[in-house]
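Undergrad: Residue-level listing of the chains:
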Amino acid sequence: MIAVELRGVRKSFGTQRVLDDIDLSVPAGSVFALLGPNGAGKTTVVNILATLVAPDSGTASVGGYDVRTARDSAKGVLSLTGQSVAVDEVLTGSENLIMVSRLWGLSRRESRLRARALLEQFDLADAARRQVKTYSGGMRRRLDLALSLIRRPEVLFLDEPTTGLDTRSRRSLWAQIRDLRSAGTTIFLTTQYLEEAEQLADRVAVLAGGRIVADGTPAELKSQVGEDVVEIRSADDELLGAVATDGSVDGLHRAITQLAEVAQPDATVSLRSPSLEDVFLSLTGPALQQKEVQS
Amino acid sequence: MTALSPRRRVAVGVSELTFIERSLRRSVRNVDALLMAIMLPVLVMFLFTFVFGGSIDPSGNYVNYVVPGIILLCAGFGASSTAVDVAGDMTTGIIDRFRSLPIPATAVLTGHVVASLLRNLVATGVVVVVALAVGFRPTGGPGDWLAAISVVALYILAITYLFAAIGLASSSPEAASGYGFILLFLPYLSSAFVEVSTLPSWLQPIAQYQPVTPTIEAIRSLLMGTSMGNNAVIAVGWCVLILVIAATWGAWLFRRKAGHR
Ligand SMILES: Nc1ncnc2c1ncn2[C@@H]1O[C@H](COP(=O)(O)OP(=O)(O)OP(=O)(O)O)[C@@H](O)[C@H]1O
Ligand SMILES: [Mg+2]
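Going down the list, the protein sequences come from chains B and U. Residues in the first sequence are numbered from 1002 upward in steps of one, following my numbering. Residues in the second sequence are numbered from -16 upward in steps of one, following my numbering.
Be aware that a few hints might be false.
[Unchecked claim] According to the in silico footprint, chain B covers these stretches of chain U (three or more CB under 8 Å from chain B):
1) 3 to 16
2) 80 to 92
[Unchecked claim] Examples of chain B residues lying across from chain U (beta carbon under 7 Å, computed):
3) A1051
4) L1053
5) D1073
6) G1077
7) G1083
8) S1085
9) L1104
Calculated from the structure, these hints are not laboratory results. Computed from a prediction, not measured in an experiment: that's the story for all the values here. Ideal Cβ placement from N, Cα and C applies to all residues, glycine included.
Assemble the whole structure, with the sequences as input and the hints as a guide.
TA: Right, dumping it as structure tokens:
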């Protein structure tokens, strides 16, 4: 079953075309990561799916419900943690959670219980009775995430969920995302951290220039870059250059020759498998070094 | 869209109640604004009864004249923070969370409006109690009081709606608080502090034909037994007109800013 689908979606703001014919589909129960440089339109995609922004043309559906013609049904199955934290600063953490629980239709008693459980789960129990304006950035973000998990949604949208979280909170969120996935929730996330996509995502797509320029499993995308990456680093471990190769002896030869141009006297060369970062940079960055090697 | 939408899980009225509760909590926590909404009218009353009162009306009866005006000053002042609250919600991103929930997002505005109504009625009550303590001696019976409270409530509702719309139109809470002050001048250009006939002639039509004067005169008539004329009708007419305009403008702004863009 398909949980999230975009067909021929276009969106412009004024004269600026942000999305140009986007097609995506995410199978139910999987984790999908949308990558892309700043301003690529990731948040716009999420907002279209979360029914906040209308596409200019094309169709979008969540849980089988069209976000335009069955908007209320779509809202009923999705939950959103937007890029900017959306909490009430004047209320306490606990009051925020109770408020949103009530809005989801839970009774007062259920709301209190749910709030307590989520505060515990997101490591906020000690701050439950404090006004949110006294919270640190990471605490706000955790509360924001908790507010999206009042009920286990069918589809959860997370727009850069771990920005501003420390390593421990990030790991804990990753664990929770995996738990939600095994409970059947489809997760659609955007991130700037490629390690995050690598760790979590069943499938990854890269958005650049208003189009989807790559779409596949992390392994598929990495194999597009090449078999191996040859890296050259200076004595103080600064990356001087990296070239993808096809794994053949000739390829490696060519790579080394090319890297010799940037080499410094005591630079070292190493061979590693490609990462999603290489994929990302090769698709969105200016330096398409592996193309030169292959041509 | 609404006609085809399936039955909502959330019972009718629960989202409105939840938002009213939220706005009331915020009001109570915003001690500065709450104190100002009560303190400022009380101070203005002291100023006019004790400092200027003697020269305006040497008989010492000025307090009975000025209190109805102070009541409206208080109502307008307390309602202006609605603009700040609404602008805050619209610009902080929390509106997007509410809009992504299966509830009518306009309920958040209902919350602010109802909370403002209750907040201002309480503040007005405090002002009246203080007025009684400094010599305000109304002559109206219980029925007159009830009618006066209804007029005050209608006025607060109209002004609150207007400030809610101003909040929607503002680019930030700071901007919203700026617009608020413009509207607070109206009571000073009315019959609140002196009779219209004593104003400079060029100012008299402005004072006569603005909504605050008939509203004050209606309250004055109900509480102090001055002649009513058609002030009540004009006052209610003004309030309803303001309500309709503010609600239409607000609905249009809300659709534009928080609709399905
Ligand atoms: N409401 C809007 N009005 C006008 N332009 C907008 C609006 N929303 C987004 N844009 C523009 O659309 C483009 C894509 O924005 P979007 O927020 O979707 O990017 P993003 O991929 O999420 O970026 P980031 O990684 O920085 O979060 C940007 O150029 C932005 O300026
Ligand atoms: Mg974004």
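Undergrad: All the hints need checking, so say for each whether the structure fits it.
TA: Results of checking the hints against the structure:
no.: 1; hint: 3 to 16; result: holds (count 6)
no.: 2; hint: 80 to 92; result: holds (count 7)
no.: 3; hint: A1051; result: holds, 5 Å
no.: 4; hint: L1053; result: holds, 6 Å
no.: 5; hint: D1073; result: holds, 4 Å
no.: 6; hint: G1077; result: holds, 5 Å
no.: 7; hint: G1083; result: holds, 5 Å
no.: 8; hint: S1085; result: holds, 4 Å
no.: 9; hint: L1104; result: holds, 5 Å
Violated hints for the displayed structure: none, as all numbered hints are satisfied.
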